[in-house]
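Using the sequences plus the hints, can you model the full thing?
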Amino acid sequence: MSHSLPRNYAITGPAADVAEWWRRFERLVDRVPGMVQLRCKALALDALRERAARAQVLCAERGIPLLLNGPAALVSELGLAGVHLGTAALLAAGERPLGREFLVGASCHSAAELRCAAELGASFACLSPVFSTRSHPQAQPLGVEGLRTLVAQTPLPVFALGGVGQADRARLIEAGAHGIAGISAFWG
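Here the sequence shown is numbered in our numbering, starting from 628 and rising by one per residue.
There may be inaccurate statements among the hints.
Unchecked claim - Computed beta-carbon distance windows for the label pairs: (1) G713 - G770: 30 to 38 Å; (2) G815 - G713: 16 to 24 Å; (3) V645 - E688: 25 to 33 Å; (4) L670 - H763: 15 to 23 Å; (5) L670 - G815: 17 to 25 Å; (6) R654 - S631: 36 to 44 Å; (7) G770 - V645: 23 to 31 Å; (8) H763 - D673: 36 to 44 Å; (9) A671 - R798: 38 to 46 Å; (10) L718 - R775: 19 to 27 Å; (11) P782 - A669: 33 to 41 Å; (12) V645 - T776: 18 to 26 Å; (13) G770 - A687: 20 to 28 Å; (14) A646 - A797: 31 to 39 Å.
Keep in mind that the hints were calculated from the coordinates and are not lab data.
Small disclaimer: the values here were computed from a predicted structure and weren't measured.
Ideal placement from N, C-alpha and C gives every residue a C-beta, glycine not left out.
And the structure:
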């Protein structure tokens, strides 16, 4: 399976209830060209399996790669496009969790974490926070120049994450990012 990375990497967010979550997900995959990260950390494994299987059907119908922020075994079981490793999972991984036929994304916040992702053989990284975010108000934003500096130090394609929106995409790509990633930028 060969993957060319799109410029948009949408991350699923919370919703008031399951029905609302599915309404948002369907709206997302109908209007956002790119790829999607299924991020549902509060779900038990069986519930996550069910949600990922249904989400995969909707994404496959639209030609959208679906990555799971969760167990790599579930990715291969369900035939998803790949796995996304949070920072803790990235730093704990001794080897690439899936074969080269799968995408492996990694959440990074520093040059050291970007090096770790590259050494692991990740397909791409998400670097954050570029700007201030509501979800992590205590985090020090990198800014466009910080993003530019860190992107120049890695061979990996990098998605800018953290307080970014569609209006920022062109200047972040000009600064070296491959594209943008986010929850609020896409989940709405």
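Do the hints match the structure? See the list:
At roughly 23 Å, the beta-carbon separation of G713 and G770 lies outside the given 30 to 38 Å, and the hint is violated. Taking the beta carbon of each, G815 and G713 are about 23 Å apart, inside 16 to 24 Å as hinted. Look at V645 against E688: about 20 Å separates their beta carbons, and that is not inside 25 to 33 Å. Here the CB-CB span from L670 to H763 is close to 22 Å, well matched to the stated 15 to 23 Å.
Distance hint check for L670 and G815: the Cβ-Cβ separation is about 21 Å, which falls inside the suggested range of 17 to 25 Å. Between R654 and S631 the beta carbons are some 25 Å apart, a value that contradicts the proposed interval 36 to 44 Å. Between G770 and V645 the beta carbons are some 38 Å apart, a value that contradicts the proposed interval 23 to 31 Å. For H763 and D673, the hinted distance range of 36 to 44 Å is not satisfied, since their beta carbons lie about 30 Å from each other.
Range check, A671 to R798: Cβ separation about 41 Å, and the 38 to 46 Å hint holds. Remark: the range hint 19 to 27 Å for L718 to R775 is upheld by a beta-carbon distance near 24 Å. P782 and A669 have their C-beta atoms about 34 Å apart, which keeps the hinted 33 to 41 Å range intact. In this structure, V645 and T776 break the distance hint of 18 to 26 Å, their C-beta atoms being roughly 42 Å apart.
Between G770 and A687, the C-beta spacing of about 38 Å breaks the proposed range 20 to 28 Å. Between A646 and A797 the beta carbons are some 36 Å apart, a value that agrees with the proposed interval 31 to 39 Å.
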